[in-house]
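Asker: Chain by chain, the residues:
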Amino acid sequence: MAIAREAEPVGSLTEVKEFGLDREDLLGIYRHLLTTRGIEERGHILYKQGKIPGSFYTGRGNEAAAVGVATAMGPDDVGTPLHRDMGVHIVRGVEPWRIFAQYMGRADGPTKGKDGNVHMADDRLGLIAMVSHLPAMLPVAVGCALAFRIREEKRVAVGWFGEGASARGDTHEAMNMAAVRRLPVVFVCDNNQWAYSTPTHLEYACEHVADRAKAYGFEGVVVDGTDVLAVHREAKRAIEKAREGGGPTLVECLTLRMEGHAVHDDAFYVPKEMFEEWAKRDPLESYRSWLRENADFTDEEEDEIRAEVKKLLNDAIKRADESPLPEVSTLLDGVFATPEDLDTPHHK
Amino acid sequence: MAEKTYLQAISDGLRQEMRRDKRVYVIGEDVGVYGGAFKVTHGFQEEFGPWRVIDAPLSETAIVGSCTGAAIMGMRPVAEMQFADFVSCAWDHLVTVAAKQRYRAGTAVPIVVRCPSGGGFSGGPFHSQNPESSFAHIPGLKVVCPATPEDAKGLLVTAIEDPNPVLYFEHKHLYRRIKADVPEDRYATPFGEARIHREGDDVTVVTWGAMVYTAAEAADKVESEGISTEIVDLRTIVPWDRKAVLASVEKTSKVIVLHEDTHTGGFGAEIAATIAEEAFEHLDAPVKRITAPDSPVPFSPPLEKAFIPQVEDVVAGLQEVAGY
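So the sequence lines, in the order shown, correspond to chains A and B. Quick note: this note's numbering has the first sequence finishing at residue 348, numbered continuously throughout. Quick note: this note's numbering has the second sequence finishing at residue 672, numbered continuously throughout.
Among the clues, some could well be false.
Pairwise CB distance ranges (calculated) [stated by the list, open to error]:
no.	chain 1	residue 1	chain 2	residue 2	range
1	B	PHE474	A	GLU152	34 to 40 Å
2	A	THR344	B	HIS390	33 to 39 Å
3	A	THR344	B	PRO644	55 to 61 Å
4	A	PRO345	B	ARG368	18 to 24 Å
5	A	ARG182	B	GLU351	27 to 33 Å
6	B	ARG368	A	TYR269	54 to 60 Å
7	A	LEU331	B	ARG367	48 to 54 Å
8	A	PRO75	B	ARG367	30 to 36 Å
9	B	ARG367	A	ASP343	21 to 27 Å
10	A	THR344	B	TRP439	25 to 31 Å
11	B	GLU351	A	ASP343	36 to 42 Å
12	B	ALA633	A	GLU322	55 to 61 Å
13	B	ASP632	A	VAL328	50 to 56 Å
14	A	VAL328	B	SER648	50 to 56 Å
No lab work stands behind these hints, which were simulated from the structure alone. Predicted model only: the values in this text are computed from it and were never measured. Using N, Cα and C, we set each Cβ at its ideal position, and we do this for glycine too.
Between the sequences and the hints, there should be enough to build the whole structure, so can you do that?
Answerer: So this is what it looks like as C-alpha cells:
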C-alpha cells in the first residue's frame, strides 16, 4: 500500500496553462527532449567510432524526467544532476558542443579533460558537477539550500539520486537534515528500476522510494517519469512549496532504463517484456502525441524543430572535434584552488 | 596581547571571523545551545543566532557535505567534528567531493573542518586519534596542526580565508594546558611556513601539534648532557615546509621525526623519505622516527602511556642519534 501520493497524468492544454506553460514553452520542452536524446545518440555513435575514451552512459528513458524537473526550476535555483539527467544540462543552457568536447576528453569540455562523460556542470548556470559515488551530491544540495535559508533568499536546490542510491546513508542524512531544518530543497529520485543489474526489490522493501518521505516528515509523490508534463507539474509544486518555506519534497520519477548501465552492458538481466512494455511509453513519442492531440502541433512545426536540433548537433560535433586534447602541462592545474577561483558570481 | 589558552585562541579567532564576515557560520553536533563538547563555541549562538551557529543532527556526512554546497553558494562554513575520530564518517565526502571539485570541475570549495584530535586522557580508540596523514595523502585537501595558541588563532583565520577544504586538527591535550600571549588583532598565519620552536645545533626534531611540547621537555633534559636540540614545528602538514626542514637538517646533520600518529604511513614517513632524497649527503646519522606503534589507541592509562611517545622516549632518541 503506497504511502506517497501517486500523481495523476496531465490532461488538457487548459490544465497545462494553469500551471504556467504557454504554447511556446511546450514546443521548447519538445526541443529540449529531442536535443537530450540526440546528444546521447550521437555520443553513442562517437563512442563506437572510438572517439570517446573510457565508458559511455546515457539516460535513455529518463529524458522527460530530467527535462520536466529542470523546466520547473527558476533561474536562480540550483541543482546537482546525475548521469541520467542530460536534459537538465540542456535546459539550463549548457552548449551541446561543450558536452561533446567533454565526452571526447577535449580541452574545451567543462572539465577540460580532467573528468569524463556526464561528470560535468557549469556552476554559472546553477549546476554542480556530480561524482561517481551516489548519492554523494544530496548533502551538497542540502548545503545549497542551507545557504539560501541562512541568507533568507527565495531560492531552491534540487538534488537528484537514483533508487539504487536510496540504499546509501548519504540519502538518509541529507533528507533528515533537510527535514529538521525545513530547508528549501527538492529531492528527485530517478527510479529507472535497475541499479546496474540490481532490481528494485533488492534495493528497498517499501512500495515506493517516495513512501519514505512521510517518515522524514515531508511529502512524497510518485509520478510517471515518462510524462514530461506530469513531472513538470509535480516538480513545480514541490519547488514553489520549498521556495515559500514549506520545506522539502521527494519527487520520485518512475521510468525504465532503456539501455544497459553503460555501453558495455547489454542489460541481459532485464526481462524482454519489460523493455517491450516501456518502449510503448517512450517519453518523446508520448509527448509528441500529446502535443498533436492537445496543442495542434503541426508537421511543419515538428519538421522545423527536428531540423534545428539536427543542425545544432552537427555543428556541435564539428566544433567539439576541432577542440584540442588537453596539454600535458595542465596535468597539475587546479589541484588546489587559488583566491581567483572565488571570483565567481556564486562564491561572492 | 593577553595570555590565552589554546582553546580560547581558537574560540577568539572563530568569533573574530564571524564578526567581520557574515558568510562564516558554524555547524556541528552540540555547537549551539551547549557551546560545543569542548566549549569552543560557548556563547556563540547568543551572539550570532541559530542560523549561524547550527546544531546539526548526528550526521557527519550531511554536516560536511552541506558545507560544500553552502561554500559553493558563497558561504564560508566551519564544521566542527565533535572528535577528530568522527571525521571518518565524512571521509567519503571530503575525499570524493570536496577534494576533487576544483580539479575536475573548476569549483572551489572553501570549507574548514575543525577536528579535535589527539590522546593523553584515556579517550580510548575512538576519541584519541590523529588522522592527519590519511588526509595528507589526498590531493586537494589542506591539513593544519597548530601547536601554540598564537598559531591556533592565526592558522584558523588562514584556514577560513583559504579557497580549499582545510582539515584543522586542534589537539585536545593542548586545549586548557597550554597558555601563551595571543595578539588581540586579526592576523593570518601563512600555511607552509614552519616555526623554529627552539634553536639548536646537534639534532633536529621535526614535529607538530602536542609533540612539540614533548620534544621541548626532552630537549631541556638532554641539554645538560651537552646535546643541543633544534625543534621544527611544521604547523601545517599540507602544505609542509620542506625548505625549513632541509635547512635545519643541513645545519645539525641529525634528525628525528616525531609524531603522535601511528607509525606505518604516518606523515613522518614522508618527511623521512624527503630528507633521504634531498639531504642524504648532509646526514651524519640515519633518520629516526619516534611515533605511536601500529595499534589502535588503548584506553587504560599504562597502555596509553606506552602508546603515545613520551618525554623519556624522545630523550632516549636524542641520546641515540646524538651519539651515533
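Asker: Verify the CB-CB distance for ARG367(B) and ASP343(A) against the hinted window 21 to 27 Å.
Answerer: holds (24 Å)
Asker: Look at the Cβ atoms of VAL328(A) and SER648(B) and judge whether their distance stays inside 50 to 56 Å.
Answerer: Given about 55 Å between the Cβ atoms, the range holds.
Asker: Can the suggested window of 33 to 39 Å be confirmed for the beta-carbon pair THR344(A) and HIS390(B)?
Answerer: holds (35 Å)
Asker: Do the beta carbons of ARG182(A) and GLU351(B) sit within 27 to 33 Å of each other?
Answerer: violated (44 Å)
Asker: Given the range 55 to 61 Å, decide if the beta-carbon distance of THR344(A) to PRO644(B) lies inside it.
Answerer: violated (43 Å)
Asker: Does 36 to 42 Å hold as the CB distance between GLU351(B) and ASP343(A), or does it fail?
Answerer: holds (39 Å)
Asker: Do the Cβ positions of ARG368(B) and TYR269(A) conform to the proposed distance bound of 54 to 60 Å?
Answerer: With a Cβ separation near 58 Å, ARG368(B) and TYR269(A) satisfy 54 to 60 Å, so the hint holds.
Asker: Do the beta carbons of ALA633(B) and GLU322(A) sit within 55 to 61 Å of each other?
Answerer: holds (60 Å)
Asker: Starting from the range 48 to 54 Å, see whether the pair LEU331(A) and ARG367(B) falls in it by beta-carbon distance.
Answerer: violated (41 Å)
Asker: Falls inside 34 to 40 Å, the C-beta gap from PHE474(B) to GLU152(A)?
Answerer: holds (38 Å)
Asker: Return holds or violated for the Cβ distance of THR344(A) and TRP439(B) against the range 25 to 31 Å.
Answerer: Holds, at about 27 Å.
Asker: Is it true that ASP632(B) and VAL328(A) lie within 50 to 56 Å of each other by Cβ?
Answerer: violated (41 Å)
Violation of the numbered hints given earlier is confined to hints 3, 5, 7 and 13; the remaining hints are satisfied by the structure.
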